[in-house]
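Colleague: Based on the provided sequences and hints, a complete structural model is requested.
Each protein sequence line maps, in turn, to chains A and B.
Going by this note's numbering, the first sequence opens with residue 14, and the numbers climb by one from there.
Going by this note's numbering, the second sequence opens with residue 14, and the numbers climb by one from there.
Be aware that one or more of the hints could be misleading.
Note that identical chains are pooled: a pair holds if it fits in a single copy or bridges any two copies.
[As the list claims (entries may be wrong)] No more than 25 Å apart at the CA atoms, straight line, and that leaves these computed lysine to any residue pairs for SDA-like: (1) K302 with G271; (2) K258 with G227; (3) K55 with A289; (4) K302 with L272; (5) K258 with R212; (6) K302 with A106; (7) K151 with D217; (8) K151 with A218; (9) K131 with I30; (10) K151 with T220.
The hints are simulated quantities; they were obtained by calculation from the structure and are not laboratory data.
Quick caveat: nothing in here was measured; it's all calculated off a predicted structure.
2 protein chains.
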Amino acid sequence: MNASARPLRIGFIGLGIMGRSMAGHILAAGHDLHVYSRTRAKAEDLLQRGAHWCESPGEVAARSEVVITMVGLPSDVEQVYFEVRGILQSMRAGTLLVDMTTSSPALAARIAEAARAKGCGALDAPVSGGDIGARDAKLSIMVGGAQRDFDAALPVLRLMGSNIVLQGGAGAGQHTKMCNQIVIASTIVGVAEGIAYARRAGLDARTVLQSIGGGAASGFQLNVLGARMIEGDFAPGFFVEHFLKDLGIALGEASRMGLQLPGLELARSLYERLAARGGARDGTQALLKLYAD
Amino acid sequence: MNASARPLRIGFIGLGIMGRSMAGHILAAGHDLHVYSRTRAKAEDLLQRGAHWCESPGEVAARSEVVITMVGLPSDVEQVYFEVRGILQSMRAGTLLVDMTTSSPALAARIAEAARAKGCGALDAPVSGGDIGARDAKLSIMVGGAQRDFDAALPVLRLMGSNIVLQGGAGAGQHTKMCNQIVIASTIVGVAEGIAYARRAGLDARTVLQSIGGGAASGFQLNVLGARMIEGDFAPGFFVEHFLKDLGIALGEASRMGLQLPGLELARSLYERLAARGGARDGTQALLKLYAD
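Modeller: Rendered as structure tokens:
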């Protein structure tokens, strides 16, 4: 780590594929890392490298100056923060909380309010970039919260991401992540429909991509996920069931704000059909399967 | 022009913004250019630079070894090729016909068949890249037809485009262009919905673009047209009414092939609403206006 910075006591809760990579960067930078995950086996590698195991989210919070959470659903976030012996009950004043789960903006605001009432700061800081971005510390981190807390967290966030932007107050990071998912949702529908059309018209979809992959249709979804669709590679970069979670949060927020998003509604209905057909653990590019009938 | 190639007698029919640029490159390369457009004023600049005016599409065809058409609607294409004293009636055997209009694959096949019956070759070769791509000779040109005709046309097509791909037989160029428009249609819906959500949530959409513009949502539609949406710049790069023409062709073809494209159907219904509200001559990024209510 930077020689001028003192090692911090950092807690990390949630050691899935992304969480493990992210926590590993913190450990490698020389910080004192305290970890908890529902499945202890997922912590083994970090423990062998010097991380300390805790028996609960509350124990992590009691030992840490900065607590990072990277769990699954909003209900998991709610549990680790609000449960008895959870983070909010066990932390000391002055602790900085950073939820990096993609979760609901309203829940982020509740956590921030509860933290403030106990003399702590809280940030919502969901990410994009997937497991590769997590592994390479190249995540885009979208942050909501107070400028002061953002500044305090920045040296730690920089260990995990390369594009770190404060988007506004509590919840603004989650809202920004929802914008990302909303754009992706309809884009991938367009990519799947374009490739399905190409095949039905008797074209070679690979050759089509040579013509259309550099112009106004170009982008990550066409050039990366579209190429996987064409190869029949439906392995998850991002699970359909996780995408459905995000689309549900976005539609709930849009509805609360009185905003109609017909493209997003359509994308969710298509992904629900895909999941109902057994595709929940496919990658999002498996949407193409719906057009093969 | 390349010193080893002899000047050709080339006809160009349709001198809109793109056609004028494209014809200008052919003239600049030293070819003998014969032009016709419904509005003669649009040819003035080319005539001053040495192009020859013709009074009809048929006169262009009678004088040319290669005839290029770049008109508006499929009905315009049908007219210039099939009318009395049109291209097909007036051309000599051995003429090569190249329709660069975005038009229907079925019409492309009809032209190719009629051309073959008269000892001529025909290509459908629609483009993407817009007025800037036309001006800079950087168009993507998607070609359908016979390999021999493609090879013969290539030196001329290279004067206008930088990515020129033979996609298959007659109509394959038009089908490929439809793939491009299908991907774009749902993508721009996603971009408009993401930006509308950002604003409704109280975010600064410019700052949101800093977070999401480099990852899985990134692409031409978000990074170029989304940025114009955010600035309130709805000036046409590509007219809504032309996009609606293309979406109509694509949906007609999909229906003929028994392929359901719900994302494309939704995009068309949204653009029809926009056009009905007076947005037909806006750029496609004006879709954002629908979400401002």
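Colleague: Now tell me, hint by hint, if it's right for this structure.
Modeller: Consistency of the hints with the structure:
1. K302 with G271: between (33 Å within a copy, 16 Å between copies)
2. K258 with G227: Between copies only: 23 Å across chains, 32 Å inside a chain, cut-off 25 Å.
3. K55 with A289: neither (29 Å within a copy, 57 Å between copies)
4. K302 with L272: Intra 30 Å, inter 13 Å, cutoff 25 Å: inter-copy only.
5. K258 with R212: between (31 Å within a copy, 22 Å between copies)
6. K302 with A106: neither (52 Å within a copy, 47 Å between copies)
7. K151 with D217: between (34 Å within a copy, 23 Å between copies)
8. K151 with A218: between (31 Å within a copy, 22 Å between copies)
9. K131 with I30: For K131 and I30, neither the intra-copy (32 Å) nor the inter-copy (65 Å) Cα distance is at most 25 Å.
10. K151 with T220: Between copies only: 19 Å across chains, 31 Å inside a chain, cut-off 25 Å.
Violated hints, in rising order: 3, 6 and 9; the structure is consistent with all others.
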